[in-house]
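Listed in order, the protein sequences are those of chains A and B. Under the numbering used here, the first residue of the first sequence is numbered 1, with each subsequent residue one higher. Under the numbering used here, the first residue of the second sequence is numbered 1, with each subsequent residue one higher.
Derived from the structure by calculation, the hints contain no laboratory data. The reader is advised that the hints may include incorrect statements.
If you want the footprint, here are the derived chain A segments under chain B, 3+ residues with CB under 8 Å [as the list claims (entries may be wrong)]:
#	segment
1	54-67
2	70-76
3	91-99
4	241-254
In this text, all values refer to a predicted model and were calculated from it rather than measured experimentally. All C-beta atoms in this analysis are idealised placements derived from N, C-alpha and C, irrespective of residue type, glycine included.
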Amino acid sequence: MLRWLARPASETQVTHLQRLWLYVFAIVAMALLVLPTLIVIPMSFSDSQYLEFPPQEWSLRWYRHYLSSPEWMEATWTSLKAAFLTMLVATPVGVVAAYGLHASSFPLVRLAFVTLITPMMVPVVLVAIGAFYAYVKLKILYTLSGLVMAHTILALPLVLIVTGSALKSYDMNQEMAARSLGAPRWKAFLTVTLPQIRFAVVTSALLSFLTSFDEVVVAMFVSGGDNPTLTRNMFNALRDQIDPTIASISTIMIVVTSLLMVLAQLFGRGK
Amino acid sequence: MTADLNAAGLRRDEAAERLALFGLASPALLLVLIVMVLPVGWLFYVSFVGADGGFSMENYARMVREKSYGRIFLQTFNVSLLTTGLCILIGYPLAYFISGLPTRIANLCLITVLLPFWTSLLVRTYAWLVLLQKQGLVNTWAISLGLWDEPIKMVHNLTGTLIGMVHIMLPFLILPVYGAMRAIDRDYLKAAANLGASPTRAFWTVFVPLSAPGLFAGALMVFILCLGFFVTPAVLGGGRVILVSMKIVSNIELFVNWGAASALGVVLLALTFLILWVASKFVRLEQLTGGGH
Chain A
1 MLRWLARPAS ETQVTHLQRL WLYVFAIVAM ALLVLPTLIV IPMSFSDSQY
51 LEFPPQEWSL RWYRHYLSSP EWMEATWTSL KAAFLTMLVA TPVGVVAAYG
101 LHASSFPLVR LAFVTLITPM MVPVVLVAIG AFYAYVKLKI LYTLSGLVMA
151 HTILALPLVL IVTGSALKSY DMNQEMAARS LGAPRWKAFL TVTLPQIRFA
201 VVTSALLSFL TSFDEVVVAM FVSGGDNPTL TRNMFNALRD QIDPTIASIS
251 TIMIVVTSLL MVLAQLFGRG K
Chain B
1 MTADLNAAGL RRDEAAERLA LFGLASPALL LVLIVMVLPV GWLFYVSFVG
51 ADGGFSMENY ARMVREKSYG RIFLQTFNVS LLTTGLCILI GYPLAYFISG
101 LPTRIANLCL ITVLLPFWTS LLVRTYAWLV LLQKQGLVNT WAISLGLWDE
151 PIKMVHNLTG TLIGMVHIML PFLILPVYGA MRAIDRDYLK AAANLGASPT
201 RAFWTVFVPL SAPGLFAGAL MVFILCLGFF VTPAVLGGGR VILVSMKIVS
251 NIELFVNWGA ASALGVVLLA LTFLILWVAS KFVRLEQLTG GGH
């Protein structure tokens, strides 16, 4: 251990001992990044009205409360439906757009790309009230399709960036080869290009799903009536009091997210 | 003659194909147009409509006249700057630490950055609310360790807002900085040391400038996102921290004043684009996103 401390750690021969502070700092920082979220998990199994850690009495009380509440269940279904549909719309629309903009040398390509990633830069509150107004006019306020449309434009920038960067490192000449052998362009794309960028496509799909599932502000304005989303209900509950039911919902969301992450990693291995 | 005809035909085909490929982006563009561009354009128009329905600057005049609006913009800038600063102070050393590790261990450490990045924003905000409240874990532990005697109010104020915002924004800073650091050829540092630079000097004159584009992109992204941030300050600020985005929402939800909300939105959007435009002189905007992870 002592010998390790005296060994040089960086290219400039700084020893491990001299930068011990950096290791301590980094470990504390990484712990602070992860632990605050994870601590909700044991807390959600507490029997108490007040969230304790460690819980004095373990129980599934708050999970039962969540699962037996029609209100929470309906909101969960709405969120899942919206997220799934957003994924189904944003992924093909975004991938096709990324491909088109990558392959085309049309003068407006850059402008189109910037337009498609602006939903990420524009304050989401503006997107929300803008969509709210537009949906009143189009008579699709509080409908699932309206919500999915709005979530799709929020997911598109991610799809474009992820798929776009995969296309950048892909050699388009392979597609040319397929076409010179007689494959039509769409077939060349489906059988040659798509399999090679599939990891980016799957990542895009997962990100689209999560974008919609996590989204709060737009859902606050354009979901409601009979169709409020889970996050909308959670947000409203948070503003009033600290409801332990939310700890159980949070735990479920953390588990689902981690599973999706692992899935994405597993799929990436195959590349 | 036929060669010319062929050439012209090929050119025509090429132009047609360029356009057809560009057309593949049209469904996406159409959606963005309907859901965002046109409605925001309408907000722009509404911001210039007065109470009597005619053209008027009253919505903007009110922002200048009433001191509270100035305070809100100032607070938004303060909170955004503080958050960005804290993110740099924590994120830069952390990214530096991870970037020096062997790839396998570095990837493991990166999970601690990516996990919060993927976890729901609302869940993370909720976690801080639970931890920082008066009977929360932080207070209980600090008192039992003797750090302080009375429970300190750490949430529903600026402190809680900053803690939550820094936690949520950190990955946006770390990922581009890490990417930039990873791309640095460490032999430059050896060369600097070889030429007599002290480790400190080599770090500040060689490493920091080389990682600066990543840092700039990350900090810019964090700042822009903070300017329009709503959820975390609304929950953790408890009404004591009012940012522009929250004022826009309350203008609509409580006062149903679209004119005032739109004018605020237009100013916020103009500020955002102004910052992005100035920044685009120094960095490619695509870089802001870290190129996807």
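Structure-based check of all given hints:
Coverage of the segment 54-67 of chain A by chain B is violated. Counting CB-CB distances below 8 Å, 0 residues qualify, and the rule asks for three or more. Taking a C-beta to C-beta cut-off of 8 Å, the segment 70-76 of chain A contributes 0 residues in contact with chain B, too few for the three needed, and the coverage statement is violated. Only residues whose C-beta sits within less than 8 Å of a C-beta in chain B count toward coverage, and the segment 91-99 of chain A has 5 of them, enough to reach three; the restraint holds. Counting residues of the segment 241-254 of chain A whose CB lies closer than 8 Å to any CB of chain B gives 6, which reaches the minimum of 3, so the coverage claim holds.
Hints 1 and 2 from the earlier list are contradicted by this structure; the remaining hints agree with it.
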